[in-house]
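Q: Chain by chain, the residues:
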Amino acid sequence: MLEIGVQTHNAVSDDNPNAGFKMISDAGFTCCDFSLNMYLKNTDLYEQRLNGFFDKSINELESFFSLHKKAAIDNGIRIHQMHMPYPNFVPDASDEINNYLLNEMAPKSMQISDFFGCRYIVVHAPKVKRFYGSEEAEWEKAEEFLSHILPMAKEMGITVCVENIYISAGAHIIEGPCGNPTKMAERIDRINDEYKAEVLGYCFDTGHANIVGLDFEKFLNILGKRVKVLHIHDNDGISDLHQMPFTFTKTRENNPSTDWNGFLRGLRAAGFDKVLSFETAPVLKSFPEELRPVALRTIADIGKYFAAKLDATSAEDT
Amino acid sequence: MRMVFSPKGLITDIRYPGQGLIDIQNAGFTEVVLDGRLAIAEEEFRYVDRYRKFAKQENRAFLFDEPSGYKGRLEAFLSEVRKRNLKTKIAYAPCIKTEVRNPICNDPYRKLVQESVRLAVEQECESIIVKPVFIGVSLEKEWEVNKEFYLSLLPIVKGTNTRILLQNQYQNHEGHMVRGMMSDSLEAIKWVDELNQAAGENRYGFCLDIGACNLCGIDVYEFITSLGKKIDAVIFSDNDGHQEEALLPFSSISDGLSTTDWLSVIRGLREISYDGVAIIDIGTTIRAVSVMLRPAYMELARETMKFLEWQITIEKQLQKYKNIVLFGAGYMCMNYMESYGDKYHPLFTCDNNSSRWGEEFCGLTIHSPKDLLTIPDSTCIIICNTFFREIKEQIKQMGIEADIVYFDGEYSPKMQMKYRRF
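Chains as they are written, first to last, in this note's numbering: chain A, 1 to 318; chain B, 1 to 422.
Where hints are given, some of them may not hold.
[Said to hold, decoys possible] BS3-like mimics (lysine-lysine), calculated; alpha carbons at most 30 Å apart, straight line: (1) B:392 with A:183; (2) A:183 with B:147; (3) A:309 with B:230; (4) B:306 with B:392; (5) A:225 with B:141; (6) B:190 with A:225; (7) B:141 with A:274; (8) A:183 with B:190; (9) B:229 with A:183; (10) A:250 with B:190; (11) A:250 with B:141; (12) B:141 with A:183; (13) B:97 with B:111; (14) B:89 with B:316; (15) A:70 with A:274.
Keep in mind the hints are simulated off the structure, nothing from the lab.
Make a model of the complete structure from these sequences and hints.
A: Written out as structure tokens, the structure reads:
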């Protein structure tokens with residue numbers, strides 16, 4: 001059976017990380033997705049604000065996170081994956097900010113990942129197509145960023161995973177960086193060949209895929225083994241709500257409007273053998289505090305359900 | 001671009017197409033789609049029993065059961081089209097509503113498509129848009145089933161001038177629209193190429209449906225530029241990104257912005273120098289408004305298409321003129337110069353602000369508007385200013401006869417690209 005994981009955001013706090021990891025463990029998870037992105041928030045970065053968190057030396061950062069590391073170990077939780085703060089490039093920001101993201105935030109994130117023994121770190125490619133004119137030019141910018149961290153990744157045995165993200169046209173969300181599976185497969189293979197190591201992989205985000213109308217099965221079929229990390233969450237097909245699977249319906253029949261069966265068929269076809277990791281922090285926020293452990297347990301149960309389905313020998317089960 | 005109007009929504013009763021065709025003609029369109037959806041609506045595949053009953057009440061053939069009645073159902077339309085001297089060079093085969101799941105529909109669908117292709121050939125249409133068979137077709141079988149389906153139409157069109165156009169699809173997953181067949185450009189190219197290879201001739205082509213792209217969040221610029229010259233026709237329509245509607249372009253708005261990424265549509269079609277068939281489908285919009293308002297909406301539809309044509313074929317328009325002069329010396333002028341300044345270099349620009357006359361700006365000298373009186377013949381004046389109509393009136397009052405057009409920086413190739421750093 002595949003292991004089940006969940007992000008630490010809204011579950012693990014800095015003042016008492018043990019309580020958070022215990023809640024994750026008690027709910028039935030064995031892994032987590034460490035939300036490093038919450039230490040330098042995207043909302044601040046888009047406002048061109050730096051909070052100084054990554055001004056700390058790596059020794060100071062390791063010291064800061066030592067309690068988290070211990071709490072995870074003590075509660076039997078493996079930090080399988082981590083989310084690097086994003087964006088890592090802000091088109092209309094000053095060079096000072098962008099250089100900080102490139103030279104301080106990014107390498108220190110890699111070091112923190114290594115400190116936790118975490119082998120997968122998720123990054124967002126910059127959303128700059130409108131500024132740079134084409135998806136190819138946008139990817140060129142992403143590669144420029146990756147070239148700064150992939151040598152570290154190789155040395156540390158870490159796989160950096162790029163994720164399917166989105167952009168907006170008004171309130172309508174459309175495909176953003178890293179959303180073309182054929183191109184991404186070629187790019188990942190080319191870069192890994194260059195480095196002679198699996199330094200680059202893919203993070204498939206079900207929620208982002210759902211709002212831009214991707215066919216999960218087809219997408220995962222194309223990317224195959226390059227998918228190393230998952231962000232499992234649900235939405236109404238309109239907004240990026242990060243809710244638990246099976247939450248949304250759109251017809252009187254009340255069948256789920258997200259294609260979870262297609263997701264499972266795709267994972268099976270891709271030969272996915274990593275962690276079924278949920279990116280459902282808003283669920284913990286929306287439920288009253290007393291119900292949070294139960295909500296978390298439900299998410300873990302959904303993960304176990306997925307794992308059992310994937311274990312089934314016949315594709316007809318999905 | 002050759003503009004074609006899709007009459008679905010405007011002609012609501014196929015027995016009486018006259019008024020709708022008058023509206024189309026009065027708006028300035030000269031060509032309409034020979035639309036199979038007028039003969040049998042997409043909903044008829046979903047509510048078969050209900051529509052069978054209606055047909056019986058009206059004492060006519062129900063095409064689901066009797067596909068051979070297809071041509072007869074469209075006879076009044078064709079007769080009226082001929083009477084009004086409208087062209088029908090593009091046909092659209094009947095379609096099934098995306099939420100239909102009953103495989104029993106597949107056989108009538110295939111037969112109706114065959115009938116529609118026969119009629120398209122008979123009417124000497126240059127192409128007919130045919131959607132794939134989708135009900136009950138698994139991911140693995142999509143190509144196999146549809147290769148057979150599309151090739152089954154080949155004997156009907158063989159030796160004629162009629163081509164079959166495939167179209168990008170979306171699928172309805174429990175009320176949520178997701179990407180369907182040929183919504184990946186590489187897959188679309190593969191399907192068209194393999195069908196042509198099997199046919200031994202260039203018999204199959206591609207119709208890009210902008211609305212379908214928008215419903216499933218496709219990066220439309222990449223989609224268009226990847227397909228390139230494979231695109232034979234484009235259907236322009238708008239929607240909110242979620243509901244299957246055919247709205248007037250630029251009419252679906254949220255947060256003060258279009259929900260369709262028109263910037264990418266225009267940039268993409270401009271990039272591939274698209275100058276082919278442009279079908280406008282505003283079926284939902286036109287159906288929803290009062291019959292009294294429809295002529296006004298039709299006029300707006302026509303103006304919208306002219307605007308899109310200008311934006312998409314801007315280079316072709318610029319090539320028509322021996323000389324170009326700009327009016328305006330601000331951001332839009334800069335934008336023009338960055339986008340087209342090298343290739344279509346203006347003689348000068350002018351501005352109403354006398355303190356700037358003589359100043360060099362983006363490689364141009366800023367003149368007084370009075371100097372427009374001395375421009376040579378075959379010069380186009382391009383207004384690079386949002387106060388377009390006011391400036392146009394000013395120029396006209398000076399007695400200048402030259403063509404005056406507007407450069408809309410919002411859709412220019414370099415718009416938003418000022419942060420480019422490499």
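Q: Please list, smallest to largest, the hint numbers that this structure does not respect.
A: Violated hints: 1, 3, 10; rest satisfied.
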